[in-house]
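Novice: Here's the letter readout for the chains.
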Amino acid sequence: MRRWMLHWLLSAALLPLTVAVSAAQQTGTVTGRVTHATTAAPLQGAQVQIVGTQRGGISDAQGRFLITGVPAGSQTIRVQFLGYSAVEQPVTVTAGGTATVSFQLREEAIALDAVVVTALGIAREERGLGYAVQSVTTEKLARTPEVNLVQALQGQTAGVQVVQSSGRPGATSRINIRGQGTFTGSGQPLFIIDGVPVSTDLDNEGMNPLGTGSAGNRAMDFDMNNVSEISVLRGAAATALYGSRAAGGVVIITTKQGQAGSSLRFDYSTSAAFATPIIEGYVTDWSAGRDRLLCDGRLQSQGGYCQPGYPTTTGYESQTLGGSGYPNWGVHKDSVPADVLQALGSVNFEDARRQYYQTARSLENSLRASGSVGNAGAYTFGVSYLDQGDITPTGKLERLNLNANVNLRFSDYLRSNTSVQRIATHNPWPVDSWNGIHHTLLHVPANVNIRKGYLDDGTPVLWGTNTPHPAWIAENEYMESNVDRWIVSQQFGIDLPGNLTLSNRWGLDTYLDDRRQYQNERSWRTAAGQTSGGTRQEKINRNQINNDLVLSLNSTPLGGSLTLSGLVGGNLWMTERSRVAGTGSTIVIPDYYNIENFQDQRVFADLPEKQRLLGAYGQATLDYNNWAYVTVTGRNDWSSTLPGNANSYFYPSVALGLVFTDALKLQSDWLNYGKLRVSYAKVGADAPPYSLTSRYGSANAPGAHFGHYQFDPTTIGFPFRGQVGFIQGTQLGNPNIKPESTREYEVGMELRLLQNRARLDASYYDKKSFDQIFRVPASAASGYTSIVRNAGDLRNKGWEVSLQARPIETRDFSFDVLANWTRNRNEVISLAPGIDNLILAGYSWPSIRIMESLPYGVIWGYGFQRNCVETTSDVCYSNQPKGALLIGDQGCVSDRGGSCYGLPLRTQSQIPLGDAMPNWLANFSTQMRYKAFGLSSLWDVRNGSKILNFEIQYTMGRNGRHIFTNDRYEETVVPGVNVKTGQTNDVNLVKDPQYFELMYGYDRHENQIEPGGFVKLREVTLSFDVPPSLLSRFKFNRGTLFVTGRNLGIWSDFSALDPESDVYGGSSGASQFFRQFPAPQTRGFSIGFRAAF
Amino acid sequence: MTRSMTTRLAPLAFIAVLASGCNDFLDVNDDPNAPVNARVDVRLPAVITGVLHSVYYGDPPLWGVEWMQQTSYNRTTRSYDELHLYEVQDNSPNGWWSFYYADILNETKLIMQESDPQADAAYHGLARFFSAWTWATTTDMWGPIPFTEALDPAVATPAYDDQQMVYEAVDKWFDEAIAEMKAAASDASVRKPGANDLLFGGNMAGWVKLARHVQARHRLRLSNASWANKQTQAQAALAALQEGLASNADDADFQYSGETDGRNPLWLFQDRGDIFKVSKRTVDMLTDRTDPRLPIMAEPALSDGAYRGHANDASPEPDSSISQVGAFFTAEDAPVNVASFAEAKFIEAEARLIVSGAGAADAPYREAIRANMQKWGVAAAAIDAYIAARPSLSTVANPLEEIIREKYIANYLKVEPWHDWRRTGYPQIQPVPNAVIAGIPVRIRTPSSELSNNEAHVMATGINPGLDGMLYKGANVWWGGN
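Sequence order for the protein chains is W and Z. Just so we're aligned: 870 in the working numbering is position 870 of the first sequence, and the numbers increase by one with no gaps anywhere. Just so we're aligned: 395 in the working numbering is position 395 of the second sequence, and the numbers increase by one with no gaps anywhere.
Hints are computed from structural coordinates only; laboratory data are not their basis. Wrong hints could be hidden among the right ones.
[Unchecked claim] Computed far set for chain W versus chain Z, every beta-carbon distance over 12 Å:
hint, residue
1, Gln62
2, Val136
3, Asp285
4, Ala369
5, Asn449
6, Ala474
7, Met574
8, Trp821
9, Ile835
10, Leu838
11, Leu885
12, Val893
13, Leu1041
[As the list claims (entries may be wrong)] Selected chain Z positions facing chain W (in silico; Cβ < 7 Å):
hint, residue
14, Arg43
15, Ala46
16, Leu62
17, Pro153
18, Val155
19, Asn229
20, Thr232
21, Glu259
22, Ala438
23, Ile440
24, Asn453
All C-beta atoms in this analysis are idealised placements derived from N, C-alpha and C, irrespective of residue type, glycine included.
Please build the complete structure, drawing on both the sequences and the hints.
Specialist: Here's what the structure looks like:
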C-alpha cells in the first residue's frame, strides 16, 4: 500500500515536467527491463540514458524502466550499473509510440574507471591516485558472510593481515596493515564509518589476559548487513590527511544509503550457522593413571577407582586434574586388563572436549527498507539481529543493530546527510586463558566421563581439592559485556559559486560497556573454612567527537590540459574515557551477585581521561590531460598530549599517478591500461595522555605468595585500617616529549591486460617509524621502572601484489580469480640506549620480545646447549658437527631433578630462539557462475611463521596429554654429542615421562616452538539465484539461497592444527605468536536466504 | 531561511572553538585521577605498610621459611617456582626488586627531600629509618647492589657497590634517623604522625626502640663478615639494644585488617591450607624437646588429631594426615611481629656469648625463651618446666647452636632463621634430596629485569645471575665468612 503511495508521489512529481517537454516536440516512450545476464534476476537501480539527450531513468525493483519524452527517431540507449559492464542498444522511437528494449548486464571482470573512497570519505577515480587503495564491495562481502567486520576483511586485500584471536563469539580479530609500525602500541588502523572515527578498542583495563583472558574488541558491534563498501588505505600517503590517528592505516566503511530517484525496496536476509570446535593435537588413546596402571580420574573420596597395584600412597588426587601429577599415563585403550573391565564394566576413550563442547548455533536476520522521497532525498532504515552461539553453554554474542540514513537536498545548493546507528550487544563468555575452561578441558584423560558434573546427591564432582567439574564452572564462573552504543553523524553541504563546496560533518561515537564477572561460592571451600566467590562489575564509558570542516574545489580546468581540484579543512577531535568499578570478594549467599552480598567490597572510579586534537589540512591535485596526476597534502596537528610549547607538528605528502598507456599511447590488445604510482609521506603522532609527568596514586603493597603464581597474593590496598596511602608511580614522566614520526615511500604499478580480463597491481613500500614514544624500561635501581622517552626506530618494507582475472567467460559461465600476495620485512633498527630487548607478550620466560636488529617478534626462552656454539655452551668437539645437541653423560642430574643421561641439556640462560614473523602471506579467492548458480571459495596462506606453543609446556611429561607423547614407551636415541666424551650419543632411552619432560616440557622452550604457517580453505559458498518466475509468485524481485562452509580445510604442521590465536585479544602485534589455551577455532557451515521485494 | 541558519551554525561552532583559544581546548593533559604530589602524612601509611608487609614479610624473605624447613610443600603440582627445590625463576624477584627500589627507596628519598627537616622532623626521621632498613634488607638479599649511583633517574643503569659500603652507610643512617625522631618527640612544634602511623599510632618512643632493635640486628649480622670485627660488632649490637625493646609490651606487631586487601600474608597457608604444611623437621624437633609451643605452631591432623609434619621434598601425603600451620599465625587478621623482645634477648645472648662467654649468655637466653612463650600464651607452669629442662649454656658443647636453635623456634615463620643460618650454619639443615642446586640458597637470584636493563653492571659483580648465583658466598658479603 505504502509502496503504491510512493510510486504515485514520484510520478506525480515528475508529471508536470514530462508534460511540459512532450508539448514542445514530437516524442515517444521507451520502456524495458534490465536483468542479470546469467541469472536473469532483475537489476534495480541501473541508470538508463538516451545517449545525447538529457532523458533517462532508473530501473525499479522489477528491473523495469520507463522513459518518456524521447525525441522520435533512432536513438541509442546506454545502461550503466556499478560493477557491471555498460551496454548500449539502438532503438527506433516513433512519435507517440512506445518502444520496448531489454538489457542483460554482465558483472565486470575488472572495474573500469573505478571510483574509490579515499581519505575524508572523498570518492576519487582510482586512476588519479598515487598510492594503493583496495576496496571491498557489498557483492564481495556477501560472498563470504561474516558477522565481524574485521574478520570480513580476511583474505580480501593485499597488505593486510587479519588474525582471529579465538573461536569465541565476540573474540577480537586483529588487523595489521603493512606490518607492525609501533613497539608497544596496538598498531591497529583507524576505523571510519560514514566519516566518523569509531572505536574498535579492546578496553582491556582491569582484565588479566594471561589469567582470565581478554574481552573482545569493539569491532564486534558493527552490522555487516549495513555495510556497502570497505576501503582500506594502507600507506602513509593515503592516510596523511587523517594525521596521527592513522599511523596503523585506515579502514573506511561506507554504510548503505538510499538512492535518489529509486523506488521503495525491502531487503531481507536470514541465515543459520552451525559450528564445531577444532580440537586436534591431544592424545585420546591413553587412560588416566601412571606407569600404565589405570585410574578413572575420580577422587578417592568421591568413589574413585585405581587399578590394583597402583601406589595409592600418593593419593588418587594426583591422577586427576587438580593433582596434575601424571594424569594421562595409564593404560593404552587397546590393552585394558580384564580385571579393570570387570571392575568398571567398560572403559570408554573419548576426548573430553568432544563430550563437553556443543555445536554452536547462530541465527541472523536483517531487514532494510530504502527508497527516495522524489528527488528531494533518499533514505534507508534497517534492523539486524544476531544471535551467535558458542561451543560452550556460556558463550554467546547477541547483537541488535538499528540504523537509519537520510539524505536530503533542501535546495539545489544545500544538502544534508544524517546517519544514526544504535547498537546493543550482549556478550557473555566463559573464563578464558590460564584459568579458563578450555585449559581445564585439555587435561582431562580420555577415559574420564565428564558428562556427569554432579554426584547423585547433588554435590559437585571434584578433580582435586579445588578443581571443580567444567559443567559446574560453566554455570558458576563467567564474564559478560553489555554494550549500548550510538554512532551518529550529521553532515551539511553547500555548493558555493566558483565550483566550491563547503561541508561540515559532526560525528559522535559513544558507548557504555557494562562488564560483569561472576564467581560463585565453592561450597567445598566454605566447608573447609576457606574463601571463595567474587565479582567485578564495571561500567566503561567512552565517547569520541569528531568534526571536519572542509572547503573543496571541485575539478576546475585551468587551461592547457590542466585541471585542479583540492581542499582545505580543519579537524577537531576529542575523546574521553572513564569507568567505575565495584568488586566484591567472599560471597555470602551463593548465586546472588549484588556487591552487598560479598564480605569485602571495593569501589573504583576513574574520572574521564581526555585527549584532544586540532588539525588543519589541505590537499591539491593537478591533473594533466587525464593521464598525469600530482597530489600534495599537508597537515598540521596540535595535540593535547604533547608539551604545551611544542604541541604542534606538520607533515606533508606527495603522490604521483601516471597513466603511461595514455601518455605514451601504448594501448594494445593485450595491454589496455598501465599506471605508475609514486608517493612519499611523513606522518606524525602524539603521545599517550598524561605522559609528561610522574604521578601519585593510591598505594598497593604486594604480599608474599611463596612463589605460587596462581595464588592471589595478599596485597594490601588502601584505604587500609581507615588510612589512605599514596605513593609515587614507578613511571617517570617526561616533559620534553616530541612527536613521533613515520615516513614512507611507495611505488606501484597497475596493469590491465587482455581486454580488461586481467589486472595486475603491485606495490613496494618502505616505511620507517622513528622517535617512537614508549615507556623505556630502566633499572628499578634508578628509582623508576620505566621512563617515557622518544627512542627507537622500526622499519617495515615489503611487496604487495594483486592479480585479478576472469580467465573464462561464456554466455552462461564465468570464472573469476583474485589473488593477493604480501611480503613484509620488519626490522627493529634500534631500541633505546642500554636496552637490548623489550618484553611484549608472555611471561618473563618464555616470552615474545623485540630486539635490536631483529624483526619485531622474537621468541625468547631457554634453548638447548649446542656443540661449538658459544652463546649456548663452551663445549666444542671439532670432530662433531657444529650446532649438534649436547647430550648428558652418565650420572647427569637434570636441573629439573632426576637423570638427564642421554637427554639434551638446557642452556644456562634464556636466549633468542628465532623470529616469529611470517615470511609471506597470500590469499586466493575464486568465483564461478553458471546460470543461476555461483560457487566461490576463499583460501588463505601464511608461510613461515613460528608460534611459541605454551600448551606443550603443561601437557607434556607430567601430564602426558599432548599429541607429541602419543609414541610413548617407544625406544629412541636423541641425536647429539655426549657432553663429556665428545662421542656421538648412543644412549637408548624409553620415551617415558622424564624423556618428554626434558625434551619438551617446562622450560624446554626450544622444542615448544612450532611452525605457524598454514593453508586454509576459509570459505566455500554455493549460491543459487531463485528464478524470477518462481519469485514473482511470492512478490519477491530477487532471491538468493546460499550455503557457506567455513574452515573446511586446514593444512599445517602445527600440532593443534589451527595456529591462529591471540590470548591478548590483539592488544599487541606480537601476542599472536604466543599461544596459551585459546577457545578453539571452529569449522562449520551456514545456510541462508537473501531476498529483495 | 531557518535551514540555511542551521547550516551556517555548524561551521560557526567549529570556528568558535578555534577562536576561543586552541590552548584552552587542548589544555586537558592534567590527569584528573592522579595528583602530581601528595602530603607526607598520606604517604607515611604507604611506606610503613610497604616496609613491614612487603619488604619484611614479602616474598624473598619468606622463601626462607620453606628453605629453613619450618613449612613443607605438600604437592607435586607444577607451580611457577618450585621453591621447595630451591628453584627461583629469573623473573620471580623482579617485582620485589622494583618494589624495594622504585617504591620504598625512591619514595623515602622523596619524602626526605620534600619534607621540612624542622617542622617535619618526625616524618623525615621515619623516612630515613625505613630507607636504611630497606637498604640493609636489599643487600641482605642480593649482596652487591646499586647504591651510590642509585635513585638518580639520570642514571638509567647504575653501577653496583659492595655490601660493606651499604652496611656502613646504613648504620650511620640508623643513628641519624634515631636522632631526628628523638628530637621530634621532644619538640611540641614538630608535626607528628597520629592514626596514620599504622604501627605505633604516633608514639615516637616506640619507633626509637624499633630502630635501635633493627640496628642491633644488623650489627650482629656482621659478626662473621670478612670486613668486620666480631667483638666490635657484638659490642655495637649490645650498645644498640640499650635503647631497644625492653619488654613484650614494646614488641612491634603490625596489625592486619583481615579484609580482602588487608590480610596477613600467612593467611594463604590457611586459605590454601592444602599446600603448605608444617615441616616434619619442625614437628619432630618440638616433639623431641616436648616443647609446649607445638599446639600453637601446628594444628592437629584432621584424620587422627596427632601432630605430624610433612618431610620436605617427600611425595605428597593425604592432606588430612598432616598438620596445618597454627591458626595463631595464619588467621586473616593475625598481627605480624616485626621485632620482639624475645628476639632482642636472643641477640643479647649471642652478643654476650661473643663478648663475655657462655656464662653471660645464659640468663638472656632463658629470658628470651620465656618472653616468647609468654607472648604466645603458653601456661606459666609449662614455661617454667621447659626452661628448667634446658641445660646451662656453660655446660653445653656448643652454646651458639643452642641459642640459635631456640631463636629459630621463637622466630617461627619469619626470615630471621634464614639470616641466622646463613651466618652461623645453625640449626644444621640438610638440603632436600631433589634440590635443583647443590645446596640451600644463601642469596636471592639476580632479577632478570636487571639483566635486561643493566646487564653490564650485573656481570661486573662477577656473581652468576643464574640459579647457581643463589649459592654465592663471596668475601664481600656477611654470610661469606661462614
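Novice: Starting from the hint list further up, note which numbers the structure goes against and sort them upward.
Specialist: Hints 7, 9, 10, 12, 19, 20, 22, 23 are the ones this structure does not satisfy, whereas the remaining hints hold.
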